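Hey, can you work out the whole structure from these sequences and the hints?
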Amino acid sequence: MSRDALGKALLETPIPVSADAEERGRRVVAAAFAQRPDEVQVGPRSHLPSLPRLALGLALATLLATLLLSPAGADVRGWVGDAFTSSTPRPEPTLARVPGGGQLLVQTGEGPVVVQTDGSRRLLGDYEAASWSPHGLFVAAVEKRTLSALEPDGTPRWSITASHRVAVPRWSPSGERIAYRSGLDLRVIAGDGTEDRLLAGSTAAGTPRDARISPAYVPPAWAPTGENALAYVTGAARLRILDSETGAVLTAAPALPRITWMGWADGGRKILEASRGKVRLRPVWRAGHPSRPALGKPRLLPLPPGAVVNDAALAPQRSLVVVSVTYWRKHDTYSEILVFRPGKGPHTLLSVPGSLGQVEWSPDGKRLLVAWPGANQWLFLPLGHGRGRAIANISRAIAPSGRPTSFPELEGWCCRR
Amino acid sequence: MPVESGAEERRLVREAQSGSGAAMSELYSLHWRGAYRAAYLVVHDAAAAEDIAQDGFIAAVDALDRFDRRRPFAPWLHRIVVNRALDWARRETLRRRVDGAESVFEPLPPPEEIGGEMIAALKELPAEQRAVVVLRHLLEYTPGEIAAMLDLPRGTVNSRLRRGLDRLRATAETQTTAEGVR
Numbered sequence: 001m002s003r004d005a006l007g008k009a010l011l012e013t014p015i016p017v018s019a020d021a022e023e024r025g026r027r028v029v030a031a032a033f034a035q036r037p038d039e040v041q042v043g044p045r046s047h048l049p050s051l052p053r054l055a056l057g058l059a060l061a062t063l064l065a066t067l068l069l070s071p072a073g074a075d076v077r078g079w080v081g082d083a084f085t086s087s088t089p090r091p092e093p094t095l096a097r098v099p100g101g102g103q104l105l106v107q108t109g110e111g112p113v114v115v116q117t118d119g120s121r122r123l124l125g126d127y128e129a130a131s132w133s134p135h136g137l138f139v140a141a142v143e144k145r146t147l148s149a150l151e152p153d154g155t156p157r158w159s160i161t162a163s164h165r166v167a168v169p170r171w172s173p174s175g176e177r178i179a180y181r182s183g184l185d186l187r188v189i190a191g192d193g194t195e196d197r198l199l200a201g202s203t204a205a206g207t208p209r210d211a212r213i214s215p216a217y218v219p220p221a222w223a224p225t226g227e228n229a230l231a232y233v234t235g236a237a238r239l240r241i242l243d244s245e246t247g248a249v250l251t252a253a254p255a256l257p258r259i260t261w262m263g264w265a266d267g268g269r270k271i272l273e274a275s276r277g278k279v280r281l282r283p284v285w286r287a288g289h290p291s292r293p294a295l296g297k298p299r300l301l302p303l304p305p306g307a308v309v310n311d312a313a314l315a316p317q318r319s320l321v322v323v324s325v326t327y328w329r330k331h332d333t334y335s336e337i338l339v340f341r342p343g344k345g346p347h348t349l350l351s352v353p354g355s356l357g358q359v360e361w362s363p364d365g366k367r368l369l370v371a372w373p374g375a376n377q378w379l380f381l382p383l384g385h386g387r388g389r390a391i392a393n394i395s396r397a398i399a400p401s402g403r404p405t406s407f408p409e410l411e412g413w414c415c416r417r
Numbered sequence: 418m419p420v421e422s423g424a425e426e427r428r429l430v431r432e433a434q435s436g437s438g439a440a441m442s443e444l445y446s447l448h449w450r451g452a453y454r455a456a457y458l459v460v461h462d463a464a465a466a467e468d469i470a471q472d473g474f475i476a477a478v479d480a481l482d483r484f485d486r487r488r489p490f491a492p493w494l495h496r497i498v499v500n501r502a503l504d505w506a507r508r509e510t511l512r513r514r515v516d517g518a519e520s521v522f523e524p525l526p527p528p529e530e531i532g533g534e535m536i537a538a539l540k541e542l543p544a545e546q547r548a549v550v551v552l553r554h555l556l557e558y559t560p561g562e563i564a565a566m567l568d569l570p571r572g573t574v575n576s577r578l579r580r581g582l583d584r585l586r587a588t589a590e591t592q593t594t595a596e597g598v599r
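Taken in order, these protein sequences are the chains called A and B. Here the first sequence is numbered in our numbering, starting from 1 and rising by one per residue. Here the second sequence is numbered in our numbering, starting from 418 and rising by one per residue.
Simulated from the structure, these hints should not be mistaken for lab results. Do not take every clue at face value.
[Unchecked claim] Derived contacts from chain A toward chain B, CB cut-off under 8 Å, selection only:
id	residue
1	LEU6
2	LEU10
3	THR13
4	PRO16
5	SER18
6	ALA21
7	GLY25
8	ARG26
9	ALA30
10	GLY374
11	ASN393
12	SER395
13	SER406
[Said to hold, decoys possible] A short list of chain B residues far from chain A (calculated; beta carbon distances all over 10 Å):
id	residue
14	GLU426
15	ARG428
16	ALA470
17	ARG488
18	PRO492
19	GLU545
20	THR559
21	LEU569
22	THR573
23	ASN575
24	ARG579
25	ARG580
As the structure is a prediction and not an experimental result, all values here were calculated from the model. By construction, the Cβ of each residue, glycine as well, lies at the ideal position given by its N, Cα and C atoms.
Structure below.
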């Protein structure tokens, strides 16, 4: 085989490509280009706003006007405050401090990074994923078959080596236990690295044929009430609540098909399940006894038709759910941040062209961090009055080496002081 | 890959640095297909390739003001795109490689839409070998340039290229033999 033949094959062989892919990317890139902070621009700029910037500004202004002038908008008004008056906030060129305080844990291509309140960052090491302990005193980190507890400066406290690859460690609210996956097993270990034991064995059998990723890799979720109740999804797509001390199954029900994420909501009275296209809330009845929960009938949250769910997040201490969605309208991609309150329809907190990403609540539940990978920005949105802030150049600002490889993933925002 | 004139590209970069959205759009038009194709041939996933190409341009926009416009734009973009594609492919491999014999992934749909045995054979190579083959034979960079792009020793690039080409050659010969037998 000659090089020419290979080059020709690589260059000319048809490859699958969506008809709209190029234009879709062009709009996002144009929006990102229009959002570049003035401080770093070189040379003279036109006094007239560029078309993408104008379009973006008009779209946001129209949306905001609709929101604030409509009857439902009056309700939103108190939420949005003056976060977005006529357009998204002018992006600040770098993360000088975390708005609202606290520490962020993010996963970069080089490993997990803790971003301190003053914006300084520290790479914890070569780990694949990490999560906070409840008070931010430690981080649980995984790398291949190793589960480690680290101090937030990266100092290891303990490590264990499991028999299979470790994933999705989650600390209990008391800090006494960490639930994690080892292969397809669900295991639990004490916060000091002792008493490692199996909670539920491999449940791969029965994994739905249409599942691209096993539901067993949905992170387990501890009940926020400080009990031993641990919710997890089996490989057979069953949502189960276990007693983490005895391993007894307290209750179970079919999980949302193709579930990707779940968590406890409303102070442990509901469980939120999310898939690529749906989000639903399922009541958890206590049936007269806290140790005997029962799962009620789930209710789907209304989303825009055809919306893809990017992320969902539950407000700490409040009955609020926020969902980040992306959808198509007339050949354009839009993303929205929807806020759900009990018994009410969704409120659109933010709408932008292109794709938004993850959402994370601040520890006090007063602020929302929205990832906007398409614009390489993080948006910090206050729910009450106050200014929203946009931070630009996130890939570079967070990358430990200063050489961005990918947009960082949010792992947690800690902690309430 | 179509190569536009260096002077024209420098003009576009200069105008984009000065804030011209039209120049940025033109740079995008010139380079999107190459970036997408390179990303696709490394990751073999159309949706991921689209995201990676888009991310590459976003990163380029982010760093545009620091870009030395005496240098060509394409290698700079390709470096970003191929490195991101490699990151994606490694993460995907990691996710698939759940310990033990059991895989928690259902197999991806067969690549019916992908034409050519060579593309299918390329998919069977490790991501690192795919990346150097794509950089060398699609984008026509020299091993030295590839080494700089991927931050690798030149010897590693050469060995990955050799192993990758050996495997592709073996595939091609097997297919030729099979066709001859028919």
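Status of each hint after checking the structure:
1. LEU6: Status holds, d = 5 Å.
2. LEU10: holds, 4 Å
3. THR13: Holds - the Cβ of THR13(A) comes within 8 Å of chain B, reaching about 4 Å at its closest.
4. PRO16: holds, 4 Å
5. SER18: holds, 7 Å
6. ALA21: holds, 5 Å
7. GLY25: holds, 4 Å
8. ARG26: Check passed: Cβ of ARG26(A) comes within 6 Å of chain B, closer than 8 Å.
9. ALA30: With a closest approach of 6 Å, the ALA30(A) hint holds.
10. GLY374: With Cβ-Cβ at 6 Å, under 8 Å, it holds.
11. ASN393: holds, 6 Å
12. SER395: The hint holds - SER395(A) has a Cβ within 8 Å of chain B, the shortest such distance being about 7 Å.
13. SER406: At about 6 Å, which falls below the 8 Å cut-off, the nearest Cβ of chain B leaves the hint on SER406(A) intact, so it holds.
14. GLU426: holds, 17 Å
15. ARG428: holds, 13 Å
16. ALA470: About 6 Å separates ALA470(B) from the closest Cβ of chain A, which leaves it inside 10 Å; violated.
17. ARG488: holds, 15 Å
18. PRO492: The assertion about PRO492(B) holds, with a minimum of 16 Å to chain A.
19. GLU545: holds, 15 Å
20. THR559: holds, 12 Å
21. LEU569: Correct as stated: the minimum Cβ-Cβ distance to chain A is 15 Å, above 10 Å.
22. THR573: The claim stands: THR573(B) keeps its Cβ more than 10 Å from every Cβ of chain A (closest is about 19 Å).
23. ASN575: Holds, since 14 Å exceeds 10 Å.
24. ARG579: Fine: 12 Å to the nearest Cβ keeps ARG579(B) off the interface.
25. ARG580: Since the minimum Cβ distance to chain A is about 14 Å, ARG580(B) lies beyond 10 Å and the statement holds.
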